[in-house]
Amino acid sequence: MNKQTKSKLLHAFWVQTIFIVVVYSVLSVLIGTGIFSKYTASILTTSSIYVIVALGLNLMTGMTGQLVLGHAGFMSIGAYGTAILLKAGLPMLLSMLLSASLAGLVGLLIGIPTLRLRGDYLAIVTLGFGEIIRVVIMNLEKLTGGAAGLMNIPGLSIKTASTEINTLLTFLWVSIFMILSILAVVHLLISSHGRAILSVRDDEIASEAMGINIFYTKLYVFVFSTFLAGIAGGLFATHYRYLNPDMFNYLKSVDFLIIVVFGGMGSITGTVAASFVLTILQEQLRFMKDYRLVIYPILLIMMMIFRPQGMLGTKELRLTRVFSRKWWRKNLARLKKGGRGNASA
Amino acid sequence: METFLKLLIIGLTVGSIYALIALGYTMVYGIVKLINFAHGDFLMLGAYAGFFVLSHMGVNLGSTLLAFAVAMVLCAILGVIIEKICYKPLRKAPRLNALITAIGVSMLLENGSKTLPFIGPNPRSYPQLNDQTLYLFKVLSDGILKATGFYIAPVQLLVLVVALALMLILNYVVNYTRVGKAMRAVSFDMDAASLMGIHIDTIISITFAIGAALGAAAGILYAVSFPQINPYMGIMPGLKAFIAAVLGGIGIIPGAMIGGVVIGVVESFTKGYISSLWADGIVFAILIIILMARPGGILGKVTREKV
Numbered sequence: 001m002n003k004q005t006k007s008k009l010l011h012a013f014w015v016q017t018i019f020i021v022v023v024y025s026v027l028s029v030l031i032g033t034g035i036f037s038k039y040t041a042s043i044l045t046t047s048s049i050y051v052i053v054a055l056g057l058n059l060m061t062g063m064t065g066q067l068v069l070g071h072a073g074f075m076s077i078g079a080y081g082t083a084i085l086l087k088a089g090l091p092m093l094l095s096m097l098l099s100a101s102l103a104g105l106v107g108l109l110i111g112i113p114t115l116r117l118r119g120d121y122l123a124i125v126t127l128g129f130g131e132i133i134r135v136v137i138m139n140l141e142k143l144t145g146g147a148a149g150l151m152n153i154p155g156l157s158i159k160t161a162s163t164e165i166n167t168l169l170t171f172l173w174v175s176i177f178m179i180l181s182i183l184a185v186v187h188l189l190i191s192s193h194g195r196a197i198l199s200v201r202d203d204e205i206a207s208e209a210m211g212i213n214i215f216y217t218k219l220y221v222f223v224f225s226t227f228l229a230g231i232a233g234g235l236f237a238t239h240y241r242y243l244n245p246d247m248f249n250y251l252k253s254v255d256f257l258i259i260v261v262f263g264g265m266g267s268i269t270g271t272v273a274a275s276f277v278l279t280i281l282q283e284q285l286r287f288m289k290d291y292r293l294v295i296y297p298i299l300l301i302m303m304m305i306f307r308p309q310g311m312l313g314t315k316e317l318r319l320t321r322v323f324s325r326k327w328w329r330k331n332l333a334r335l336k337k338g339g340r341g342n343a344s345a
Numbered sequence: 001m002e003t004f005l006k007l008l009i010i011g012l013t014v015g016s017i018y019a020l021i022a023l024g025y026t027m028v029y030g031i032v033k034l035i036n037f038a039h040g041d042f043l044m045l046g047a048y049a050g051f052f053v054l055s056h057m058g059v060n061l062g063s064t065l066l067a068f069a070v071a072m073v074l075c076a077i078l079g080v081i082i083e084k085i086c087y088k089p090l091r092k093a094p095r096l097n098a099l100i101t102a103i104g105v106s107m108l109l110e111n112g113s114k115t116l117p118f119i120g121p122n123p124r125s126y127p128q129l130n131d132q133t134l135y136l137f138k139v140l141s142d143g144i145l146k147a148t149g150f151y152i153a154p155v156q157l158l159v160l161v162v163a164l165a166l167m168l169i170l171n172y173v174v175n176y177t178r179v180g181k182a183m184r185a186v187s188f189d190m191d192a193a194s195l196m197g198i199h200i201d202t203i204i205s206i207t208f209a210i211g212a213a214l215g216a217a218a219g220i221l222y223a224v225s226f227p228q229i230n231p232y233m234g235i236m237p238g239l240k241a242f243i244a245a246v247l248g249g250i251g252i253i254p255g256a257m258i259g260g261v262v263i264g265v266v267e268s269f270t271k272g273y274i275s276s277l278w279a280d281g282i283v284f285a286i287l288i289i290i291l292m293a294r295p296g297g298i299l300g301k302v303t304r305e306k307v
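Sequence lines, in order, name chains A and B. Note that the first sequence covers residues 1 to 345 in our numbering. Note that the second sequence covers residues 1 to 307 in our numbering.
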């Protein structure tokens, strides 16, 4: 690594760290003092949970090019597992990791036979598995409460603290996992494994000729992706404290797919942005009642016809670009000239 | 034995409905290689179209026939419009995009009908066909009861007969008419068919229209057998019909018929002998097993992938 790249990376690291610290300090103050209501905080928490699932799905669908439609099912394994273990008295982190591992294990068992299938068949089979998981949960009444659901799941709270502080605690807890998953995905992608993943998406035959084991690549991405869905499920259970099988039906999986498609298949920042924007939008559009449910599919269809790569495509938003001296110099000079500054170019 | 036969009959009726829907999946897939996720929703639209005709005109033989006609024509038109607007621009795009569009169309049809004031989100009960309307089938049912001592409800007979008739008509159209020949040619090789002077866009539109019309007819039959309709009623039968299409060998028309009946019978036996809660799970398990063991389906050829 030469000196220049090293300083570039260092610059990126500090910019990102400072950005995250600033954003989360501001949010913490807003939530902790009650300026953001519990409802607003809950939306932000939900968005962060969706980021984790959608990232996993994007890794599979956007980066590896395999359409998967059953992530709600894996999320439900994580959610129910965490809830049941928590009720049995296990500590939160342990029960989350255990049930996310279970989701990953189920992903492995499902992936071995199904990942040999291509394109649309894989989508249908994973959809089928998602539904089977739901049916199984529905039928294991003693463990999961069946169709009535599971209530009184212990959440993350301190008895002596105020509601605001507890809300803040949940939000930060979820955010930590979100940031960790983003880091994990980024580091996977910039490794040599990441190159293999992208090459499988671009051309399976060519990458096989280059010595990449396609099946193995798809399999570990799928297992990782289902593990992330499991983690998100665990967070979901502790955040909502109530679960029922219909929360995780096929339409939920489609919701995650919409997030991935909107943000850009193959873009991490796109997925993060889309998760927040779409979740907040969904809440903000509540006054439109059922009409908001029509806007989504129309946008999805138009997106596929006119901009099939999604908002960002495979590009990433880079903080370093905005926070670099060069960028400011360039754009300020342009502004002074009176020309229209093209910020992103 | 009594239960067995009863479950078999239920399975056959439901299965023939699945078969009608599966035909739409399989025909569209055979020609444009697209899994039309929205196909199950034509079942819902057809059922609603029939609902309006039947509830406005009262239930009699004429209005029932009219209900079928209106539902099939409306859905055929809608099918063509959807194909032109949503699927045609994506014909050359990666299949992933077309599939996501299909999911979008499906959501649009479901949520769209939910917002329409005359459909609405609430489930409605379907007008029951009375014995007067089903006179012919009532006579047939009585005849069977006298001859074998076994009772088949007139509605079940209606479903079986209508489904069979539609399948025979489809078989005739596909195998013995010019349009059918063109459809087979396009599905075999689109470019070559185009060079032979077949207008591909028209043939694709006709395929979508026929598929949607069959779905609409299936919708009325489904609603008559399970007399409650809501905007999401098409999802599950649609998915099961898709499984039926894969089971029989997707793209193969007789395969869809066989697959539909098999799925219907399996589902009915699961409901009867195991538990109705497990039925959906078992049907999906069939799909997975068939894709593992014989991806081409029952009637499909085993193709090896060449690199």
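Hints are computed from structural coordinates only; laboratory data are not their basis. Built from N, CA and C at the ideal position, the CB exists for glycine as well. A portion of the hints provided could be inaccurate.
[Claimed, not checked] Examples of chain B residues lying across from chain A (beta carbon under 8 Å, computed):
1. Ile35
2. Ala182
3. Ile274
4. Leu277
[As the list claims (entries may be wrong)] Under the rule of at most 35 Å between Cα atoms (straight-line distance), these lysine-lysine pairs were calculated in the DSBU-like manner:
5. Lys114/B <-> Lys92/B
6. Lys315/A <-> Lys271/B
7. Lys289/A <-> Lys181/B
8. Lys87/A <-> Lys159/A
9. Lys88/B <-> Lys271/B
10. Lys252/A <-> Lys138/B
11. Lys301/B <-> Lys87/A
12. Lys84/B <-> Lys114/B
13. Lys88/B <-> Lys33/B
14. Lys289/A <-> Lys88/B
15. Lys271/B <-> Lys142/A
16. Lys289/A <-> Lys301/B
17. Lys326/A <-> Lys6/A
18. Lys271/B <-> Lys38/A
19. Lys87/A <-> Lys326/A
Here is how each hint holds up against the structure:
no.: 1; hint: Ile35; verdict: holds, 5 Å
no.: 2; hint: Ala182; verdict: violated, 25 Å
no.: 3; hint: Ile274; verdict: violated, 11 Å
no.: 4; hint: Leu277; verdict: holds, 5 Å
no.: 5; hint: Lys114/B <-> Lys92/B; verdict: holds, 32 Å
no.: 6; hint: Lys315/A <-> Lys271/B; verdict: violated, 50 Å
no.: 7; hint: Lys289/A <-> Lys181/B; verdict: violated, 48 Å
no.: 8; hint: Lys87/A <-> Lys159/A; verdict: holds, 17 Å
no.: 9; hint: Lys88/B <-> Lys271/B; verdict: violated, 40 Å
no.: 10; hint: Lys252/A <-> Lys138/B; verdict: violated, 45 Å
no.: 11; hint: Lys301/B <-> Lys87/A; verdict: violated, 52 Å
no.: 12; hint: Lys84/B <-> Lys114/B; verdict: holds, 23 Å
no.: 13; hint: Lys88/B <-> Lys33/B; verdict: holds, 12 Å
no.: 14; hint: Lys289/A <-> Lys88/B; verdict: holds, 31 Å
no.: 15; hint: Lys271/B <-> Lys142/A; verdict: holds, 21 Å
no.: 16; hint: Lys289/A <-> Lys301/B; verdict: violated, 49 Å
no.: 17; hint: Lys326/A <-> Lys6/A; verdict: holds, 18 Å
no.: 18; hint: Lys271/B <-> Lys38/A; verdict: violated, 45 Å
no.: 19; hint: Lys87/A <-> Lys326/A; verdict: violated, 55 Å
Of the numbered hints stated above, those contradicted by the structure are hints 2, 3, 6, 7, 9, 10, 11, 16, 18, 19, listed in ascending order.
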